[in-house]
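**Student:** So the chains spell out like this:
Protein chains: 2
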Amino acid sequence: MRAACYTHEKLKPIKQKKIPTLASKPGGLERLKSVIEDVWPQTEAVAAIGLGSPGPLDPHSGYLLAPPNNPEWHNFPLAPSIEKHFSVKTYLDNDANLAGLAEYRFGAGKGHHHVLYITVSTGIGAGVIIDDRLLQGYHGLAAELGHSIIDPDGPPCSCGFNGHLEAFSSGPAIVKYVLGELEAGIGSVLKRDSSMTARDVAEAAQQGDALAIKAYQRAGEYLGIGVASFLHAFDPSIVIFGGGVSQVGGLLFDPFEASLRKRVFHPRYLEGLVITRANLGDDAGLLGARALAEMKIGLK
Amino acid sequence: MRAACYTHEKLKPIKQKKIPTLASKPGGLERLKSVIEDVWPQTEAVAAIGLGSPGPLDPHSGYLLAPPNNPEWHNFPLAPSIEKHFSVKTYLDNDANLAGLAEYRFGAGKGHHHVLYITVSTGIGAGVIIDDRLLQGYHGLAAELGHSIIDPDGPPCSCGFNGHLEAFSSGPAIVKYVLGELEAGIGSVLKRDSSMTARDVAEAAQQGDALAIKAYQRAGEYLGIGVASFLHAFDPSIVIFGGGVSQVGGLLFDPFEASLRKRVFHPRYLEGLVITRANLGDDAGLLGARALAEMKIGLK
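Here the protein sequences come in this chain order: V and D.
For the first sequence, this note's numbering gives the first residue as 83, with consecutive numbering after it.
For the second sequence, this note's numbering gives the first residue as 83, with consecutive numbering after it.
Treat the hints as calculated values from the structure; they're not laboratory data.
Any given hint might turn out to be false.
Because identical chains cannot be distinguished in the list, a pair is counted as satisfied if it fits within a single copy or across any two copies.
Said to hold, decoys possible - Here are the simulated SDA-like pairs of lysine to any residue, each with C-alpha atoms no more than 20 Å apart in a straight line:
no., residue 1, residue 2
1, K378, R215
2, K378, P153
3, K166, P234
4, K258, K273
5, K378, H195
6, K258, S163
7, K344, P237
8, K344, G242
9, K344, P238
10, K378, S143
11, K344, S143
The shape of chain V in the complex, shown without the other chains (with noise of 0.2 Å):
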């Protein structure tokens, strides 16, 4: 979870921190907001606080939903009970929707009004900006890219329906398809093992392994369908990539790549557009959470 507070006057710099595995322990919104307050200026006025947390979670009111792994933040009026404790408007919203936006505002996608973030991870998550805006939704779920229905009859993904995009290309769909095919007597470099990750099947790619590159390969070329499929929605003038798993390169990109200008419908969509990686890293979260203030307080 993340929390930046920003002051008004002058665009000054934002006071911001990250505070580690708050939802997975008790006390979390006491030692939140004593996280808060350790960042609190000493001179000037505060004009609101930006938060950041994974979802499901509805910005509109600033309540978490159902994070996983710690019922005491089920339906929890979260940015209410910061807002009341500070005398300070504060704002929520979910870790990808900010990464997006701090992507928008401060990193790869600067000067871009139509930006598609995505986040291939453990998950698939997503930031969309419309027209300078960020994509909320009416409940503040929209978004949520990594559950496109990619293939009906897909396998499930880790939300329990079918045949979504983070049920092919995400980490945890990499691994599962190469513990799949082992089982199914695939020779590998890999051996079947419940604690294999990505980056172990990264690696056996990279020394040449065929059933770990197949597996990059068609998580690359799933992801070249979602992303076709997203670009026909929304048609952005850039697509920037996050997360652990997309920093292996052209072991997903090229396959992604080559399967995305496949299956763009119209030649148009590709005209300029730009592809690249997310460059803010770890502090995306926390620097989307500034920009959510500042967006919402009208600065920006």
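Following the hints, position chain D against chain V.
**Tutor:** Chain D in isolation, oriented as in the chain V frame:
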């Protein structure tokens, strides 16, 4: 093609007119000009002209790109030509975007801020309103939701690419499915006939024909899969269906709703969600051209 002249003063009623078959006969630009002259108000200044046309087109530049049936209009500066001739700001967008905009402003979507409009007809088009703004995208090609990839190995779409929503749930897709099943020897009151329409299939279904019912069930099921992904992407508060095929009612929409509910990955998307039919009929495109002009000159 549609044209609307908008008079600035006191939000007066707009002069508007539909021009049939503009694109399929030569001399269309001159006919369009003369129609606009016909509706030109006698005593008031015209603030803007709104134009609607089948796509693909570029709403930012006002160029038609490659409308079917008439090479005269390929890469043609339609809005700039009208704007120059009348010395009045002129705006252009495609029929589906404008119908969505019209339903949001004047029709079934009035009062909603996040609207998903889908027309199911010979093709499948869409118009999306996000936070009270029409989604157009960087190249003006956003919201082409009929070309969402629903199944990568699915049947070819009218655009030539495989597995698009339009290839499963449009009128021609329903007919094609029936013809394929008849060819495979499935019994039906319907006969193999290349002039078969989706309406013929609907009539057979209403008489209890099992194949015809199955054809609409299949179209509705895939429509539900597509719309589930669109809810995850846009999170609207209302889904509005227009287009001829949508007039069959429960035959399509009962299986659609069952499929949608089965596929939406979080129940919150459905909370308060309205699913309804368009109510502006054939006027939607024309009212959309008016709404576009009003939106662009900042009156709405």
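**Student:** Taking the hints in turn, state whether each one holds.
**Tutor:** Here is what the structure says about each hint:
Taking identical chains as interchangeable, the C-alpha atoms of K378 and R215 lie at most 20 Å apart whether they share a chain (11 Å) or sit on different chains (17 Å). For a Cα distance limit of 20 Å, the shortest separation of K378 from P153 qualifies neither inside one copy, at 29 Å, nor across copies, at 48 Å. In this assembly of identical chains, the alpha carbons of K166 and P234 never lie at most 20 Å apart, being 45 Å within a copy and 50 Å across copies at closest. For the homomeric pair K258 and K273, the shortest alpha-carbon distance inside one copy (13 Å) is at most 20 Å, but the shortest distance between copies (47 Å) is not.
In this assembly of identical chains, K378 and H195 lie within 20 Å of each other by CA distance both inside one copy and across copies; the values are 17 Å within and 17 Å between. Taking CA atoms no more than 20 Å apart as the test, K258 paired with S163 passes in neither setting, with 40 Å inside one copy and 57 Å between copies. Taking the shortest alpha-carbon separations for K344 and P237, only the inter-copy value of 16 Å comes in at or below 20 Å, while the best intra-copy value is 23 Å. Taking the shortest Cα distances, K344 and G242 sit within 20 Å of each other only across copies (12 Å), while inside one copy they are farther apart (30 Å).
Within a single copy, K344 and P238 get their C-alpha atoms only as close as 26 Å, which misses the 20 Å cut-off; across copies the closest is 14 Å, which meets it. For a Cα distance limit of 20 Å, the shortest separation of K378 from S143 inside one copy, 13 Å, qualifies, whereas the shortest one across copies, 31 Å, does not. Proximity of K344 and S143 under a CA criterion of 20 Å is satisfied in neither setting, with 41 Å inside one chain copy and 27 Å between copies.
Taken one by one, the earlier hints fail for this structure at numbers 2, 3, 6, 11, listed in ascending order.
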